[in-house]
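Take the sequence shown: its letters are residues 13 to 217, numbered as in this note's numbering.
Take every hint as true, because none was put in to throw you off.
Listed next, the in silico EDC-like pairs over lysine to aspartate or glutamate satisfying Cα-Cα at most 20 Å (straight line):
{"id": "1", "residue 1": "K197", "residue 2": "D179"}
{"id": "2", "residue 1": "K164", "residue 2": "E46"}
{"id": "3", "residue 1": "K159", "residue 2": "D121"}
{"id": "4", "residue 1": "K15", "residue 2": "D169"}
{"id": "5", "residue 1": "K15", "residue 2": "E108"}
By construction, these hints were calculated from the structure, which means they are not laboratory data.
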Amino acid sequence: MTKRIGLFGGSFDPPHLGHQALVGHALTQLNLDEVWIIPVGLPVHRRLSGKAAPEQRLSWLAAMFADEPCVRIVDWEINQDKPVPAIATLRRFQAENPGIIPFWLMGMDSFLDMPNWVEYPKHQGLCNLVVFARSNIKDALKTEGWKLASQKETLKDAGFIILMHKDLPDISASQIRQQPSQYAKYLHQDTCNAILACYASDEIT
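Between the sequences and the hints, there should be enough to build the whole structure, so can you do that?
Written as structure tokens, this is what we have:
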């Protein structure tokens with residue numbers, strides 16, 4: 013049987029419990045065999061804070077998911093000295109895992125920004141999307157050519173979108189960077205102190 017693999021990319025600057033909750037829901041609700049977490053090295057469309065080195069963000073993710081045997085932390089993008097668009101990561105996945113159509117996991121805000129992604133909408137031929145609605149995203153859903161599917165469907169082709177209506181912690185990495193001590197409760201216990209120390213100089217008081 014072909015594996016069901018989710019891919020979760022992002023800056024994770026820093027990783028927080030919202031990320032962990034998203035991965036947990038994806039594993040249980042979509043019956044995924046694995047979720048691969050792929051932190052960016054140099055973002056294509058945004059700037060990183062510059063506070064945490066790529067290797068540091070990778071190690072925080074490894075610590076956060078150390079007890080999750082179905083989660084794999086992948087260093088494909090942080091090992092390159094240039095921005096890596098999602099389409100390149102999807103093509104690498106396809107080349108190394110022929111026959112597997114991955115589920116690309118994202119929040120609604122990322123989905124609404126997809127028309128700005130490099131080579132969009134070629135992604136529709138390489139993956140299915142799993143979009144988690146967030147309470148602070150009010151924009152109407154525009155599927156942009158993606159075909160709607162339910163969580164229970166067995167998908168044999170790419171180009172489908174599954175909407176997940178799960179309540180995730182209402183937190184963002186930017187909030188944590190601005191006021192790390194105020195949002196410490198949204199950090200994993202094994203990374204909390206290191207993250208607070210890393211971003212303390214950026215705190216807005």
